[in-house]
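Peer 1: Whenever a hint applies, use it, and build me the whole structure from the sequences.
Chains as they are written, first to last, in the numbering used here: chain U, 196 to 399; chain A, 31 to 126.
Please keep in mind that the hints were generated in silico from the structure rather than gathered at the bench.
Note that beta-carbon positions come from the ideal geometry of N, C-alpha and C, so glycine has one too.
Misleading hints may appear alongside valid ones.
Partner residues are not named here, just some residues of chain A that face chain U (Cβ under 8 Å, in silico) [to be verified]: (1) Met54; (2) Leu67; (3) Val70.
Single-letter residue listing:
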Amino acid sequence: MNQKVSDDLAHIRSMMERSSRFISLSGLSGIGAGVVGLVTGLIAMYWTSGSDMLLEKVRMSVGAGILIQNLILLGALALLLAIFFGCFFTIRKSKKLGLQIWTATTKKILVQLAIPLMVGGIFVLALLQYNLYGLISGATLIFYGLALVNAEKYTYSDIKYLGFLEIILGILSLFFIGKGLFFWTIGFGLLHIIYGVILYRKYQ
Amino acid sequence: MSIISGLNKEFESRVRLGMMSVLMVNDWVDFTEMKNLLQVTDGNLASHSSALEKNNYIEVKKEFVGKKPRTSYKITNMGKKAFQEHLAFLEKMMKQ
Numbered sequence: 196m197n198q199k200v201s202d203d204l205a206h207i208r209s210m211m212e213r214s215s216r217f218i219s220l221s222g223l224s225g226i227g228a229g230v231v232g233l234v235t236g237l238i239a240m241y242w243t244s245g246s247d248m249l250l251e252k253v254r255m256s257v258g259a260g261i262l263i264q265n266l267i268l269l270g271a272l273a274l275l276l277a278i279f280f281g282c283f284f285t286i287r288k289s290k291k292l293g294l295q296i297w298t299a300t301t302k303k304i305l306v307q308l309a310i311p312l313m314v315g316g317i318f319v320l321a322l323l324q325y326n327l328y329g330l331i332s333g334a335t336l337i338f339y340g341l342a343l344v345n346a347e348k349y350t351y352s353d354i355k356y357l358g359f360l361e362i363i364l365g366i367l368s369l370f371f372i373g374k375g376l377f378f379w380t381i382g383f384g385l386l387h388i389i390y391g392v393i394l395y396r397k398y399q
Numbered sequence: 031m032s033i034i035s036g037l038n039k040e041f042e043s044r045v046r047l048g049m050m051s052v053l054m055v056n057d058w059v060d061f062t063e064m065k066n067l068l069q070v071t072d073g074n075l076a077s078h079s080s081a082l083e084k085n086n087y088i089e090v091k092k093e094f095v096g097k098k099p100r101t102s103y104k105i106t107n108m109g110k111k112a113f114q115e116h117l118a119f120l121e122k123m124m125k126q
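Peer 2: Rendered as C-alpha cells:
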C-alpha cells in the first residue's frame, strides 16, 4: 500500500513538472555556449588590446570603424554558434528522454526569453548608433540576465541564479567602462561553463 | 473517516491521476499535448477524460481550428478541491 502511495506521489510530481517546465535543457548546452563566449571574449580582448576603443571617447578613425565592424561580426558569429550548441544538446537530451520538444511550454519559455532579449537588442543598436561602445557589454549582460530570470518559471529554476549573476556583472560593468570585454567574457564564458557543469551533474 | 474511504476512487487510475496533475499546473491543455505527456492511446485518454468530466472535475472544450477539431481540457474548482484533498490524503498516508 505504501509503495503504491509513494508511486502515486512520484507520478503526480513528475507529471506536474513535465507539463509545466522545459526539462530538456541540457547542461552541455551551457558548456557549449560558455566555450563559445570564452573564446570570443578572448579574441575580442586580443584585438582591442592597447587601444582605448571601448572608451566612450572613441575617435571614429578608419581603423576604429573596421575594428568595430569586426567586433560586431564576431559577436554575431558567437551568438549563432551559442544558439546552435544550445539547441543541439537540448534536442539531443529531449530525444534521449523521449520528450516532445515543441510543446506549449517550449513556446512559453521562448516568448519569456525573447521579450527582454529583443528589447535589449534594440537598446544595444541604439548604443551603437551613438558610439556608446563602453555601455554595450553591460547592457547585453543585464538584458540577458533579465531574460533568464523571466524564463525561470518554465524550466529548471537554477537558471534564475545564473540570471542574477549576469545582471550583477552587467551593472558592475557599467561602472567600469573600458573593462567591458572582461565582464562580458566572465558573464558569457565562465559563468555559462560553471552553470553548465552544475546543471549537467545535477540532472543528466 | 477511515483512511481508505478518504482516498478518491476517481483518481485510482494512473491516467486520471496524471491528467489531474497536468491540469493543476496548466490552464487549457489540448488533447494531443495531453496524450503525449501521459503517453496513452487516443481511446484511453478519451474514456478517462469523459469520466472526469462526468464528475465535474474537468471542463472540456471542443472547437475548430481551421478544419481540424480540437479538444481541450481545464480543471474545474471542484476538481481542484477534490485533487487537493486526495493529495493531502496521500501525503498523510506516507507519514504513517
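Peer 1: Does each hint fit the structure? Answer for all of them.
Peer 2: Against the structure, the hints:
1. Interface restraint check: Met54/A against chain U, minimum CB-CB distance 6 Å, threshold 8 Å, status holds.
2. Hint status for Leu67/A: holds, given a least beta-carbon distance of 5 Å to chain U, under 8 Å.
3. Interface restraint check for Val70/A: the shortest CB-CB distance to chain U comes to about 12 Å, outside 8 Å, so the restraint is violated.
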